[in-house]
Amino acid sequence: MSHNKETLREIVIETAGINPRKCMKCGKCSGACPAYDEMEYHPHQFVSMVEAGKIEELMNSEAIYMCLSCFACVERCPRGVEPASFIEAARLALIRQSGKNHLKAEEIPAKLNDKLPQQAIVSAFRKYSK
Amino acid sequence: MTFSYYPGCTLKTKGKDLETYAIKSAEVLGVTMEELEDWQCCGAVYPMAKNEIATKLSSVRALVAARDKGQDLLTLCSACHHVIKRVNNDMANDQNVQLKANNYMALDVPYTGETTVIHYLEMLRDRVGFDNLKKAVVNPLKGVKIAAYYGCMLLRPSKTMAFDDAENPTIMEDFIKAIGATPVVYPYRNECCGGYVAMENNAYATKKCNTICTSAKEMGADMIITACPLCMYNLDANTTENNLPVLYFTQLLARALGVEEDAQ
Amino acid sequence: MQEAMIKRAKELLTDGTVNRVLGWQKGGVAYDATPAVFDSAEALEQGFVYDDFTAANLSKYLVKETKNEGKVLVFLKPCDTYSLNQLTKEHRVNRDNVYVIGVGCDGKADVEKLRAQGMDGILGITAEGDNFVVETLYGNKTVAKADVLAERCVVCKSRKLMTYDEILGEDGEVIDSNRFDMVEQLENMTSDQRYAFWQNELSRCIRCNACRNVCPACTCEKCVFDNVNSGVANTAAADSFEEKLFHVIRAFHVAGRCTDCGECSRVCPQGIPLHLLNRKFIKDINELYGEYQAGEDTDSRGPLTNFTYDDCEPSIVHERGVE
Amino acid sequence: MQRIGVFVCWCGSNIAGTVDVHKVAEALKSEPGVVISTQYQYMCSEAGQTLIKDAIRDHKLTGIVVCSCSPRMHEATFRKTAAAAGLNPYMVEIANIREQCSWIHKDMEVGTEKAIILGRAAIAKVHLNAPLVAGESPVVKRALVIGGGIAGIQTALDIADAGFPVDIVETKPTIGGKMAQIDKTFPTLDCAACILTPKMVDAAQHEKINIYAYSEVAEVKGFVGNFSVKIKQKARMVDTTKCTGCGLCVEKCPMKKVPNEFNLGMDKRSAIYIPFAQAVPKVATIDPTACIKMKTGKCGLCATVCEAGAIDYTQQDSFIEEKYGAIVVATGYNPINLDKYDEFAYNQSPDVITSLEFERLTNAAGPTAGKLLRPSDGKHPHTLVFVQCVGSRCDVANEKGKSYCSKICCMYTAKHAMLCREKYPDTDVYVFYIDVRTPGKNFDEFYRRAVEEYGVHYIKGMVGKVAPQADGTLLVQGSDLIEGEQLKIKADLVVLAAAIEPDKSARPLATMLTASMDTNDFFTEAHPKLRPVESPTAGVFLSGCCQGPKDIPETVSQASGAAAKVIGLLVKDSLTCNPCVAHSNELMCNGCSACEKVCPYGAISYEDKEFRMPDRTTAIRRVASVNPAVCQGCGACTVACPSGAMDLNGFSNSQIMAEVDAICK
Amino acid sequence: MQVEKKEFKPTIVAFCCNWCSYAGADLSGTNRLNYPANVKIIRVPCSCRVNPMFVLRAFQRGADGVIICGCHPGDCHYTTGNYYARRRMTLLFSMLDFLGIERDRTRLEWVSAAEGAKFAATMNDFVETVTKLGENKRLEDLRCKKQ
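As you go down the protein sequences, you meet chains S, H, C, E and U in turn. Following the working numbering from start to finish, the first sequence increments by one per residue and tops out at 242. Following the working numbering from start to finish, the second sequence increments by one per residue and tops out at 349. Following the working numbering from start to finish, the third sequence increments by one per residue and tops out at 794. Following the working numbering from start to finish, the fourth sequence increments by one per residue and tops out at 692. Following the working numbering from start to finish, the fifth sequence increments by one per residue and tops out at 339.
For the record, the hints were derived by calculation from the structure and aren't laboratory data. Predicted, not measured: the structure shown is a model, and the values here were computed from it. Glycine included, C-beta positions come from ideal geometry on N, C-alpha and C. Check before you lean on any hint, since a few could be wrong.
Claimed, not checked - Taking lysine-lysine and the PhoX-like style, the derived pairs with C-alpha atoms no more than 25 Å apart in a straight line are: (1) K134/S - K636/E; (2) K636/E - K693/C; (3) K201/U - K50/E; (4) K137/S - K515/E; (5) K429/E - K134/S; (6) K137/S - K434/E; (7) K636/E - K166/S; (8) K199/E - K134/S; (9) K292/H - K556/E; (10) K262/H - K367/E; (11) K227/S - K135/H; (12) K133/E - K329/U; (13) K434/E - K302/H; (14) K244/H - K235/E; (15) K227/S - K244/H; (16) K244/H - K429/E; (17) K292/H - K137/S; (18) K99/H - K216/S; (19) K185/H - K227/S; (20) K262/H - K223/S; (21) K242/S - K262/H; (22) K201/U - K556/E; (23) K262/H - K227/S; (24) K244/H - K242/S; (25) K137/S - K487/E; (26) K235/E - K599/E; (27) K223/S - K292/H.
As the list claims (entries may be wrong) - Away from chain C, derived, C-beta distances all over 12 Å, residues of chain U: (28) N243; (29) H269; (30) S286; (31) D289; (32) E294; (33) R299.
Claimed, not checked - To give an idea of the chain U side of the interface with chain C (calculated C-beta under 8 Å), a few residues: (34) E199; (35) F200; (36) H264; (37) T272; (38) Y276; (39) G292; (40) S304.
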């Protein structure tokens, strides 16, 4: 189990391509985040939890679908840590497993309306399914 | 002035207006937009993961096509611009992506990020020039107070996008001045509208939209302009307080240039 | 061209602009022209020559010549002007004492290539349009000039004159040449193959010093190889340090200063492609530190008297080429 | 042929434990030129040194090799030993058979064999050693201090008090620097002006101190003990010998809309101005970019009202050349530009200010006469948010900020917060911090007082966005990492603790001085621990923030430290030079300038010299010559030299090759 | 009489700058960190004092490997010396490689006065690499091809 935990941690760090140890725990990401109040775990926690290997907790949290991918945290991080990349990596660690897609094709029609742009559907698929 | 032009999925369907006004206005300004043949959807989301390659290939194809024509690649939709520009940056600087993408595509001449990706607004600023645009305006939008909504995609991450100062951009305000209107600066013009959750979680998107529209309205705006079809939809459909009319910037451009009607 | 050059040289001698002329004079055989100084119209008439075999780079002779009184007129081909610039930069030549007439150049012929075409016993050579008519012991033969163009001219890097006071003929352009192809070929060989190549080439050296003596970058007051205190001069013992590494040391000494004029290989009686050593340095410098052409100007810092904080580490050698 | 003595040291069992010292001495005895080879328990001891001295005399030795510990340890010792016995100290070579042999090998045979080879290499080298005599160069007994802030003033005062003349060059119209702009000082809260201005006056009145204000260093030549400096005095358009500083011109000047740089642009000054009341020298300066007379030729009011007749619109920049024995750099710091940090809305709201601007806002001589008022509407702010570490502690790849901690911000922010609460108890004061760093005497106590006694709200977290609202307030959005929430504070004033960086003039100055800098443009010290006030370039000393961020007490300490070093240099009549320097063989020199280009000290110059040639003609040639007082002996030139004319004493080409040969044999 | 084939022990010349690397070497001694006795150190004031001729000379006289050690870039006692050394050695090593001399016989390393462990580790690694390459015959035989 601990091996699995370690492997997951490595996968997420490799996918994000960022060293979480660069974080100085200033919390500017969470100060900047427009989705803060919607999230169970906040941007700075994503970084420290990845560092601590708590990947499963992140994968099981709704927080990974609350990130708006607006890159405010990426833009403002003084240490180049990119919390959004960790969130994406945690999400990918989950949806790359078979049957773990967050968004399933059959759910789509119910969500459509005649004004919704293609972009919304395409991006939702990109972000939430594999 | 001729550019290779990448429209993207939405501009051919729900976001038609953004494109029609843009093309019509470009003609007035002496800019030809040559739509790429056989372009594919960029995917609308830049794949941040370092080990994603396949999802970047459609952008690479567009970039290569522009390179082979010897033209700069013009974009209009914020999302397409974001994705293509960042993929281009990877092709220039990320050896892993560069190698794998080139291996996969087996091009005659390998692609290493040579194409310049330029957004329509950048084209107006850097190639046409806002001063020249001002001269071309026949129908200045005097007295109209306009709040520019930038969103996320055009500005961030600024190191790669190099579009404008990500925290205090001026390009759209300068555009508004050029077409004779009055820009309204408000603090949430670069804060996310929640576009990605618009489909799944209306209530959440509404919170974000309300903050933006309220702020713009409090600062005295009559309307909001944007360059992104998703922001446009979201701000229009999901705002519940202090609604303001939301328009594509290209529509106002066409209006100022006197070709709004023609475009219809 | 020769006539025009003589005419102009006479004028400059007459009006006192210069008091002597550095050019070429006909040697003992048809294809041999040697550098010479002419101090009168008569001397010019008698001996001055300019043709497809006046290959020598006259810049080096200016080091000595400019030490004398008065101004000297020199005729320089484009590649020679690079050398003059480099010598000016290194304060070896006082440019003020030189009057340069730049002459356009379409490349010079290589007599070895004539011989390779089976022409022995050459008595005389006449240029006729794009061809040479070669008079030999065995009758006249015609050969296309292009087929006997010297190797260095085939891959000519520039036909543009870098410095001149006036031009006779046409100034050309810097050429995007493929002069590094052979270096690249060697780089793509295995280490063993490269070693075999160089061992074969360098073993033929007879240490005649012709390469050193002709090289416009080798103008030292006293060459290290002639200086007992330098630790490398030791001409007596055949297996001495100097003997083994003469060409490597020489190449390093001119690295960053060599303009790639190709004189070293031209004069080598053993036909060793010495210029490849210099070109390897030039290619490395271009690739690792940015394009640099010695002799392009007279004031820039050379690549070996310069650096940047983020230069590559020597371990880059491991990352490039074939082991 | 040299007569060489070899002395093998046991170093107790340190060497003898793994090296058979007898065998080494025996083996080296048969090397060419060796006339005596012996061993002893401790060569560095009194008895060991006597043994060497006796051998030098008895055997008429011309060179010695000591096989012992590292030359970094006892080379100097054995050189003195040799000198005491009448042998030139540079005829000594050390074979390092302890640190680089006995201590790293366990096997006696291996150690012994290597020790013999190292001995041979040293013998081969000493054969080629030549006696060297250290030269001397005179010392000009005058110091230059570049920068007239508290660092420069303190350094100048200390040097002058020791009796040496000092010139201060200050680029602004007055000395005083940043400290003159500061209101109170932490942690004692005494008034900055009250402790600084007396020092400014002391400097102005000191008979040994000469102040060149509104001046810049234009050129530096020379070397330690003998610098030659060209100083540019910028045209003030005011004759400083006549101006009495009465201020009438300032009052009458019709152009009163120039942003006042002393108050960081928060109010206006006139085109002719005196930066502040206690300015030294207290004379007026005309700002040519604003002056109506200078721009249009019309006006001239100041000249009309000036009773002293000091105004001179035709004044030009002038240059002074002076010689100095030592130079002290005290160029100070500036807060970084915050244009790239507009998430804090610095460019979008006048009510977002830097800490230095806050100093002016609370200073009695500032734009608000010391009343804390919002720049936008002049109203009293009730909620203040301080943001720390703006642009400090960034990743090195971050293009906006600095990688270092700016060091002073934690304390001045605590000071600001405390003073604010003390003077205006109706205010709410928040401080967002990443860490509070308070190492210093009474520093942490001070910070704790701000929290405990003055009720400042310290929030562990960082502000992510400042949003200016329609009602004129600033919505500050930040994280509270302890509470685990995102705070939104409606503030009236936001104060940013901007990172500090070296003054922009430092980089070109470093080039002129050939003094090294780090990647942040702070001057590098000769040794980070043991020589912190000296630059690696001899004769150049460092004072204050040009070397790294520091507060006032630290700056003053360093200033006095630098002064002590300068005094130590200036009391000497001459300096002994290191004789292991480069020299050029003029007969071989091509004059090509390669050596000059790589010399980091500018020690090489060229001259045209006449030479008699072998054929009895004369020729004039350009040849290099090395100034032995400036050369530090790195040897870069020796390799750049294509002809081998340039060589290095003590490490000559032939010496090094002899060592190579001996090792590879 | 020794009959068994002697184990190959390469001769390694290490040029160390006085201020950083030589002190680093001393430190590895002070800390009793072992590295093979094949390594012989020559002290130079700065890595920029190392003339490429010295490297060639060493090889020609029978060295099997040559390593140059200097202060880390930015830390040079003489400010810029190691930057010049870096360029010179890069070009030299590349030339040796071009001539077919094994590229692993040359190395440039930055070792500070505090890096005793790095010095020892570097030397151990370098000796191991060169030992694997065997005796250096190539430079010596560069001009010895029988015609």
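Restraint status (C-alpha distance of K429/E to K134/S at most 25 Å): holds (15 Å)
Could you check that no beta carbon of chain C comes within 12 Å of the beta carbon of H269/U? Holds, because the least Cβ-Cβ distance between H269/U and chain C comes to about 16 Å, which exceeds 12 Å.
Tell me if the straight-line CA distance from K235/E to K599/E falls inside 25 Å. holds (18 Å)
For the pair supplied as a hint, K227/S and K135/H, is the alpha-carbon distance within the 25 Å limit? violated (34 Å)
Would the hint on E199/U stand, with a C-beta cut-off of 8 Å toward chain C? violated (25 Å)
Do the alpha carbons of K223/S and K292/H lie within 25 Å of each other, as the hint requires? Satisfied, since the Cα-Cα distance of roughly 19 Å is no more than 25 Å.
Given the hint that K434/E pairs with K302/H, test it: the Cα-Cα distance must not exceed 25 Å. violated (42 Å)
Given the hinted pair K227/S and K244/H, is their alpha-carbon gap at most 25 Å? At roughly 34 Å apart (the allowed maximum being 25 Å), K244/H and K227/S break the hint.
Restraint check for K199/E with K134/S, where alpha carbons must lie at most 25 Å apart: Not OK: K199/E and K134/S at ~41 Å, beyond 25 Å, violated.
A cut-off of 12 Å on Cβ-Cβ distance, and R299/U was said to be off the interface with chain C. Does that hold? violated (8 Å)
For the pair supplied as a hint, K244/H and K235/E, is the alpha-carbon distance within the 25 Å limit? violated (53 Å)
Grab the minimum beta-carbon distance between E294/U and chain C and tell me whether it stays above 12 Å. Per Cβ check, E294/U is inside 12 Å of chain C; nearest 6 Å; violated.
Against the hints set out earlier in the document, violations occur for numbers 1, 7, 8, 9, 11, 12, 13, 14, 15, 17, 19, 20, 21, 22, 23, 24, 28, 30, 31, 32, 33, 34, 35, 36, 40.
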